[in-house]
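Asker: Sequence:
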Amino acid sequence: MYTIIGMVLSFIGLVAVIFSAYFIKKEGGDERGNKILGIAGMTVYFSFLLGYLIIFIINITFPLNREQFTFALTCLFALVVISYSATIIKLKRQY
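Residue 87 in the working numbering sits at position 87 of the sequence shown, and the numbers go up by one each step.
Certain hints may be false.
[As the list claims (entries may be wrong)] Here are the simulated BS3-like cross-link-like pairs (lysine-lysine), alpha carbons at most 25 Å apart as the crow flies:
1) Lys26 - Lys90
2) Lys25 - Lys92
3) Lys35 - Lys25
4) Lys35 - Lys92
5) Lys25 - Lys90
6) Lys35 - Lys90
7) Lys26 - Lys92
[Unchecked claim] Derived DEER-like restraints, expressed as beta-carbon distance ranges:
8) Ile57 - Ile4: 22 to 32 Å
9) Ile18 - Lys90: 15 to 25 Å
10) Val17 - Gln94: 31 to 41 Å
Hints are computed from structural coordinates only; laboratory data are not their basis. Don't be surprised by glycine CBs; every beta carbon is placed ideally from N, CA and C.
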C-alpha cells in the first residue's frame, strides 16, 4: 500500500520538479522571476520545517518502522516540491 502511494507521490513530485526547472530556466532570470522564486523559496522552507516537525513528533509518539519512515520522507519530499510549484503557479498569475 505504501509503495503504490509513494510511487504516485514521487511521480507527482517529479512533474513538479520538471515544471520548477522549466520556470527557473525560462522566467527565473528577470526581476519578476526572482521575486516569485524568493517567495516560493520561503514557502518551501516553511513547508519543509512543518513537515519535518510532524514526522519527528509522530516518530517520537508512535515509533515508525523502516517502511513507514521511508513513506513519511517521500511524503515530505512531495510536499516540498508540490508547494514550490504551486506557489510559483499562484504567484505567476498574481504578478
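Asker: Each hint should be assessed against the structure and marked as holding or not.
Answerer: Here is how each hint holds up against the structure:
1. Distance hint between Lys26 and Lys90 is fulfilled; the C-alpha atoms sit about 17 Å from each other, no more than 25 Å.
2. Using a Cα cut-off of 25 Å, the hinted pair Lys25 and Lys92 holds, with the two alpha carbons roughly 14 Å apart.
3. As the CA atoms of Lys35 and Lys25 are separated by approximately 15 Å, the hinted pair is consistent with the 25 Å bound.
4. Distance check on the hinted pair: Lys35 and Lys92 sit about 10 Å apart at the alpha-carbon level, within 25 Å; holds.
5. Using a Cα cut-off of 25 Å, the hinted pair Lys25 and Lys90 holds, with the two alpha carbons roughly 18 Å apart.
6. Restraint check for Lys35 and Lys90: the C-alpha separation of about 13 Å stays at or below 25 Å, so the hint holds.
7. For a cut-off of 25 Å, the pair hint linking Lys26 to Lys92 stands: about 12 Å separates their Cα positions.
8. About 26 Å separates the C-beta atoms of Ile57 and Ile4, a value consistent with the hinted range of 22 to 32 Å.
9. Range check, Ile18 to Lys90: Cβ separation about 18 Å, and the 15 to 25 Å hint holds.
10. Distance hint check: the CB atoms of Val17 and Gln94 are about 22 Å apart, inconsistent with the given range 31 to 41 Å.
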